[in-house]
Amino acid sequence: MNGISAIIRKELADHFSSYRFIILFALIAMVSLITTYMVGMGLKEELAAVAKPKFVFLMLFTSTGPLFSLVQFVAFFGPLIGLVLGFDSINRERSTGTLSKLASQPIYRDAIINGKFLSGVVTIAIMLVSILLVVTGLGLTLIGVVPGVEELWRLIIYLIISIFYIAFWLGISILFSILFRGIATSALATLAIWIFFSFFISMGASVVANAVVPIDQTNQDNPQVVLKHLKVQRVVSLISPMQLYNDSTAIVVDPTRKTTRSFVLMGPMERLSLSRFNRPLALAQSIYVVIPHIISLIAITVICFGVSYTVFMRQEIRSL
Amino acid sequence: MAAQPVIETQNLTKRYGITTAVDDLSFSITQGEIFGFLGPNGSGKTTTLLMLLGLTEATSGSATVAGFNPTKEAIKVKRIVGYIPENIGFYEDMNGVENLRFIARLNRIKDETSTAKITEALEQVGLKDEAFKKVGAFSRGMRQRLAIAEILIKEPTIAFLDEPTLGLDPEGTTLIIDYIKSLSREHNITILLSSHDLKQVQRISDRIGIMIHGKMIAEGPIEKLAHEKLGVEDKEISLDDVYMKYFQEVSA
Chain X
2 MNGISAIIRK
12 ELADHFSSYR
22 FIILFALIAM
32 VSLITTYMVG
42 MGLKEELAAV
52 AKPKFVFLML
62 FTSTGPLFSL
72 VQFVAFFGPL
82 IGLVLGFDSI
92 NRERSTGTLS
102 KLASQPIYRD
112 AIINGKFLSG
122 VVTIAIMLVS
132 ILLVVTGLGL
142 TLIGVVPGVE
152 ELWRLIIYLI
162 ISIFYIAFWL
172 GISILFSILF
182 RGIATSALAT
192 LAIWIFFSFF
202 ISMGASVVAN
212 AVVPIDQTNQ
222 DNPQVVLKHL
232 KVQRVVSLIS
242 PMQLYNDSTA
252 IVVDPTRKTT
262 RSFVLMGPME
272 RLSLSRFNRP
282 LALAQSIYVV
292 IPHIISLIAI
302 TVICFGVSYT
312 VFMRQEIRSL
Chain E
91 MAAQPVIETQ
101 NLTKRYGITT
111 AVDDLSFSIT
121 QGEIFGFLGP
131 NGSGKTTTLL
141 MLLGLTEATS
151 GSATVAGFNP
161 TKEAIKVKRI
171 VGYIPENIGF
181 YEDMNGVENL
191 RFIARLNRIK
201 DETSTAKITE
211 ALEQVGLKDE
221 AFKKVGAFSR
231 GMRQRLAIAE
241 ILIKEPTIAF
251 LDEPTLGLDP
261 EGTTLIIDYI
271 KSLSREHNIT
281 ILLSSHDLKQ
291 VQRISDRIGI
301 MIHGKMIAEG
311 PIEKLAHEKL
321 GVEDKEISLD
331 DVYMKYFQEV
341 SA
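Quick note, the sequences are listed as chains X and E, same order. In this text, residue positions in the first sequence follow the numbering used here: the first is 2, and each later residue adds one. In this text, residue positions in the second sequence follow the numbering used here: the first is 91, and each later residue adds one.
Derived list of chain X stretches under chain E, where covered just means 3 residues or more per stretch with a C-beta under 8 Å from a C-beta of chain E:
#, segment
1, 8–21
2, 99–105
Non-contacting residues of chain X with respect to chain E, defined by C-beta distances greater than 12 Å in every case (computed):
#, residue
3, Ile29
4, Glu46
5, Leu133
6, Leu134
7, Val135
8, Thr142
9, Gly145
10, Val147
11, Leu153
12, Val209
13, Ala212
14, Val226
15, His230
16, Ser241
17, Arg258
18, Ala285
Straight-line alpha carbon distances no greater than 25 Å define the calculated PhoX-like cross-link-like pairs of lysine-lysine that follow:
#, chain 1, residue 1, chain 2, residue 2
19, E, Lys200, E, Lys224
20, E, Lys166, X, Lys11
21, E, Lys200, E, Lys223
22, E, Lys207, E, Lys218
23, E, Lys271, E, Lys207
24, X, Lys11, E, Lys200
25, E, Lys218, X, Lys11
26, E, Lys289, E, Lys314
27, E, Lys305, E, Lys289
28, E, Lys335, E, Lys289
29, E, Lys289, E, Lys271
30, E, Lys223, X, Lys11
31, E, Lys200, E, Lys166
32, E, Lys207, X, Lys11
33, E, Lys224, X, Lys11
34, X, Lys55, X, Lys45
35, E, Lys223, E, Lys207
36, E, Lys305, E, Lys335
For the record, the hints were derived by calculation from the structure and aren't laboratory data. Beta carbons are placed, not taken as given, at the ideal position from N, Cα and C, and that holds for glycine.
My request is simple: use the sequences and hints to build the entire structure.
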């Protein structure tokens with residue numbers, strides 16, 4: 002395996018024994034448990050007297066409860082896991098002088114960066130799977146509903162998308178740790194990117210939409226203009242991986258959602274059909290709706306790692 | 091007599107932009123010798139070592155290390171060459187044994203084999219009692235000894251040591267130099283040693299090379315250089331005088 006297994010082994014040991022991992026994991030576990038507990042109690046009350054709807058179990062993940070849903074929490078906080086695991090992966094080795102030592106061992110140079118990325122992905126996967134299992138266990142005892150096969154599949158797909166999503170952020174942070182020599186610099190840069198995509202993209206989207214398709218008193222009743230405005234806003238906000246992720250997971254874990262659009266222009270016929278056929282989508286149909294999102298998400302993850310890989314392989318070893 | 095050259099360079103040149111770090115360098119090192127590599131800071135010694143290791147590509151010229159081309163067969167070269175870089179780094183959160191085990195794994199030495207080797211190597215460099223201390227708490231001298239232990243574990247046929255005595259006290263320097271000597275004599279490792287500690291280099295080197303501004307301006311046994319430059323046959327001649335003479339000549 003050209004030394005890559007040795008590197009992965011060491012990196013995993015590093016991750017799991019580091020304080021930052023333990024703190025992060027404890028925080029996520031705590032928030033997830035509290036959220037699940039509150040959502041579960043709420044669901045239990047709501048479901049007490051009515052016939053159980055389908056997909057109750059998934060509601061554990063999608064109901065917002067008093068604060069936010071678990072899915073929302075992972076979408077917001079997940080990037081931080083990737084960033085924290087990767088922001089100093091290369092430049093710390095550079096500053097302690099271990100990178101040139103690694104490079105002088107009989108391994109291919111890409112084993113270093115591949116090992117770093119893969120061990121990060123494994124750590125992320127272990128983290129998410131364990132959280133999901135704990136939440137599932139708690140949910141089972143709280144609401145007493147066993148998830149169906151389709152629900153399990155939806156959760157597994159959700160898990161895979163989430164791993165890719167967090168791996169994207171890991172790739173970003175590894176890229177920054179290659180580009181910036183200073184550990185503090187790369188940490189700040191990764192945080193800046195995260196904040197930018199979390200908060201400013203949505204603002205930017207409405208600014209762009211206002212500039213391209215202005216809505217004022219004269220045309221605010223024109224549905225075409227309003228629709229176009231929203232379309233522009235959506236397209237801009239899809240630049241953000243966060244938006245891609247939110248859209249795809251929302252559909253995957255919530256079978257009753259049929260489109261990623263938040264605003265649907267409806268005529269009487271649509272309204273009729275919607276009320277007539279207000280049934281959950283089949284799994285394949287849900288995936289069909291978001292497959293472009295999922296593919297884009299995987300693509301940007303691969304591109305992001307590819308860029309890190311290229312930059313790392315091209316760097317003069319002298320500067321290692 | 092003539093032992094085979096294990097390291098050979100021909101017109102090796104490395105340019106970074108307009109500056110020439112290594113200029114048309116041709117020299118060779120034979121099996122089993124200790125070659126003292128001298129020169130002021132920035133004279134191209136480290137660059138030469140990096141090119142020989144295949145860590146950086148030569149602009150022109152060629153080099154062979156044990157018959158391999160470092161650029162094309164980097165992995166093969168790295169397998170038989172042990173390298174101690176100028177500021178060697180260790181994983182500070184790991185103890186001595188863990189650091190060595192990681193190196194062993196990277197060199198595809200199985201854990202069953204490496205355990206005994208690690209104990210033995212740590213004993214040889216006098217770090218037996220500190221084996222399970224975190225390297226973060228190691229002194230500079232201990233780190234350099236750990237670096238020597240790394241070489242012992244890897245069991246290379248050639249070792250490149252870039253200023254292994256930098257920043258050590260006299261006692262520590264002597265200790266490291268003695269270890270290097272034993273690497274050569276007991277383990278039969280060909281050694282390319284770069285250092286500023288001329289007295290110590292003189293003590294153990296079979297031959298020395300003086301590099302200034304990317305050029306090897308003198309090469310050979312100390313006695314020969316002393317004879318050429320200072321016209322003395324005296325065995326007691328100090329390398330300092332020889333080195334300074336060459337240095338002044340180039341500067342003038």
